[in-house]
Amino acid sequence: MGAFFRIWAVMMKELTQMRRDRLTFAMMFGVPIMQLILFGYAINMDPKNLPAAVVAEEQTPIVRTIIHAMENSGYYDFILQTEDPDESQTLLARGDVAFVVTIPTGFTERLIRGERPELLIEADASDPAAASGAVSSAQTIIASALADELNGSLSYLAQGPPPFDLRVQRLYNPEGRTQYNIVPGLLGVILTMTLVMITGMAMTREVEQGTMENLLAMPAKPVEVMLGKIFPYVGVGAGQVFVILMAAHFIFGVPFVGNLFVLLLGVGVFMLANLALGFTFSTLAQSQMQAMQLTFFFFLPSILLSGFMFPFRGMPEWAQMIGEVMPLTHFLRIVRGVMLKGASLGELYIQMLAMLAFVIVVMAIAMSRYRRTLD
Amino acid sequence: MSGDSDLAIDVRGLVKRFGDKAAVNGVDIQMPRGKVWGFLGPNGSGKTTTIRMICGLLKISEGEGSCLGYDIKKDASRIKLKTGYMTQKFSFWSDLTIRENLEFVARLYQLPKMKRVVDETLEGLGLAHRQRQLAGALSGGWKQRLALAAVTMHGPDLLLLDEPTAGVDPQARRDFWDEIHHLSRNGMTVLVSTHYMDEAERCDRIVYLANGQKVTEGRVQNIIDRSGLVTWRAEGDAVRDLSSEIEGQDGAEHVAYFGSALHVSGTDEARLRDTISHFQRPDVEWHEVRPSLEDAFIALMARAGVDQRDHG
Ligand SMILES: Nc1ncnc2c1ncn2[C@@H]1O[C@H](COP(=O)(O)OP(=O)(O)O)[C@@H](O)[C@H]1O
Ligand SMILES: [Mg+2]
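Which chain is which? The protein sequence lines are A and B, in order.
When we follow my numbering, the leftmost residue of the first sequence carries the number 1, and every step to the right adds one.
When we follow my numbering, the leftmost residue of the second sequence carries the number 1001, and every step to the right adds one.
Please keep in mind that the hints were generated in silico from the structure rather than gathered at the bench.
Just so you know, not all the hints are guaranteed correct.
Unchecked claim - Keeping only pairs whose Cα atoms sit at most 25 Å apart, straight-line, the calculated SDA-like set for lysine to any residue is:
hint : chain 1 : residue 1 : chain 2 : residue 2
1    : B       : K1082     : B       : D1169
2    : B       : K1143     : A       : K48
3    : A       : K48       : A       : D96
4    : B       : K1089     : A       : M212
5    : B       : K1089     : B       : G1044
6    : B       : K1143     : B       : V1168
7    : B       : K1089     : B       : S1005
8    : B       : K1089     : A       : M12
9    : A       : K221      : B       : F1090
10   : B       : K1082     : A       : L374
11   : B       : K1143     : A       : R205
Unchecked claim - Simulated DEER-style distance windows between Cβ atoms:
hint : chain 1 : residue 1 : chain 2 : residue 2 : range
12   : A       : G235      : B       : D1006     : 24 to 32 Å
13   : B       : E1247     : A       : R371      : 43 to 51 Å
14   : B       : E1247     : A       : Q286      : 42 to 50 Å
15   : A       : A238      : B       : V1015     : 45 to 53 Å
16   : A       : A319      : B       : K1115     : 53 to 61 Å
17   : B       : K1115     : A       : L304      : 50 to 58 Å
18   : A       : M289      : B       : G1167     : 23 to 31 Å
19   : B       : G1044     : A       : M289      : 21 to 29 Å
20   : A       : G210      : B       : R1033     : 25 to 33 Å
Here a beta-carbon is modelled for each residue, glycine too, at the ideal position from N, C-alpha and C.
Generate coordinates for the entire structure from the input sequences, incorporating the hints supplied.
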């Protein structure tokens, strides 16, 4: 009971200080919003007029219709028309064009015969966001342009499936990750950043300013101080989750096909993991500066090896092993699984357990370092 | 252990080591309730470390004891409820207002009628009209008064004040001491650490620490008497160069400047008088004076083998 009041007292104090420290408060919401805008702008902005090359031996009206339609869509800017496939491949490899559209020999003839000839688009997906809009709309653009062209004796081709077979090949980044991957991932990155750093610094700040001695001389135990400090930041974390989920839905149109409850459970366990880690850092660090350094020491491998920046399965095995330790890795699988693939708790409980194991190990370290005194 | 011991502080053989250096090295203190005790000693002599051990802020390397009847090793949380500890450095929150600091303390101790207690404390401090100012904006003297009010708000039996008057102007120091005696009359036992000698005179009893060890304790007058010193005071223009000449002469055991005057002390009255007679000069004026507490300490420390130049 006494503990409850002491935690309450620390919490009220923390809220007052938080309110007064405008800069930190602004950072807690400003940084996520800034990250959302930076990442989100780059990916949401549907890039237009990307340079493209077309490889075609024939110059029939149908081929011209296709090329015009693609150009009129605004996505493709054909800077080269050639009969030589090698030339276009070089441009693609150098990054001079983002797409190569190949219309094979005999395309028109086979199309009229109703054989549904292949039409190949090769996309440079090393920047997946750049390629996605153009590629995903190609089928519709070409089909509707051809529907206008195919009239009279050819009108039977306009019925049924498109009279061609569009093949898309994503080069350099077969996973073709898009904003759908990045915005949910940002949820994990932002929570890691805020919660680990702030809990890590919360205690060291009192130590550094000499106020810890006062707190300990009063009947407050360090764990009560910590809890009183953590609760307001759980609120901050929840606020960030809300902002990002809203932005994901309303600004970036990220689908949400899974169960919100499973996602929130994952968020809860993930926040616990970060708070536990922050608490442990605060028992290890002597100063706010050290707490910050520890946070970055942890944060960098987290974003690099969790699958946020690079496709997880594309990394070397040792990197994947380190990645498996990070709560962020498991959290990303949960968020993406729930939001994009509709994964259920049954499919994700391993990730939850992995994060809980992390909590237990980290708390064991914290408890072994925990002191009720100044020494 | 119960909380009804006659001794407010009763510790024996207290040792605190940091690494292999002993900051406190075998200190005994038996301090009855209801007095103002001065805790004196030069910087680094172990005053803060001792106080921290007594109120459970530092692990005790060796020794044992009780505070207000509670075991200092096992019952730290009970001791904290009944003591008020004012740290050497201001340790309230600069980014909270005066009122918010007091409210935090009141909440932490679960004081009933929090608002009234805080109002009364502000009134008593004379800070009611400034209660919305940030504590960090207060001057040194006001910070100390705020801290004192905050650590006494829960009505402790024992007050531990660590150099509360360091760096505070003389008028504020006098006011602060008046407040300490006021609290003492209301039944609190007070331990005040200080390195100002003149403040020792304001204490009922003193404990003197040097190099982590207790050098002496008792009433100021008793300590001076026990030292068995005779002191001569030299004043005048030529006093500046006198100390190096007189130091080490027969009977002149301790030589120290007090402002522009020189004190020469010794335990053998006749030999000291004889030596002084050799230094009668036109521009130096000699008087025999009552030894000050500081003279006594210098002598005591020399006997205890402590280099007196450390004395601050
Ligand atoms: N946390 C600590 N770690 C290491 N040494 C310390 C620590 N605290 C105090 N000391 C050392 O212990 C000695 C006594 O210090 P202290 O108790 O602060 O003296 P005082 O309060 O009388 O000035 C000093 O030499 C100081 O450097
Ligand atoms: Mg000190």
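Cross-check of the supplied hints:
no.	hint	verdict
1	B:K1082 / B:D1169	violated (30 Å)
2	B:K1143 / A:K48	violated (64 Å)
3	A:K48 / A:D96	holds (15 Å)
4	B:K1089 / A:M212	holds (12 Å)
5	B:K1089 / B:G1044	holds (15 Å)
6	B:K1143 / B:V1168	holds (10 Å)
7	B:K1089 / B:S1005	violated (31 Å)
8	B:K1089 / A:M12	holds (24 Å)
9	A:K221 / B:F1090	holds (20 Å)
10	B:K1082 / A:L374	holds (20 Å)
11	B:K1143 / A:R205	holds (20 Å)
12	A:G235 / B:D1006: 24 to 32 Å	violated (50 Å)
13	B:E1247 / A:R371: 43 to 51 Å	holds (48 Å)
14	B:E1247 / A:Q286: 42 to 50 Å	holds (45 Å)
15	A:A238 / B:V1015: 45 to 53 Å	holds (49 Å)
16	A:A319 / B:K1115: 53 to 61 Å	holds (58 Å)
17	B:K1115 / A:L304: 50 to 58 Å	holds (53 Å)
18	A:M289 / B:G1167: 23 to 31 Å	holds (27 Å)
19	B:G1044 / A:M289: 21 to 29 Å	holds (27 Å)
20	A:G210 / B:R1033: 25 to 33 Å	holds (30 Å)
Hints 1, 2, 7, 12, counting from the list given before, are not met by this structure.
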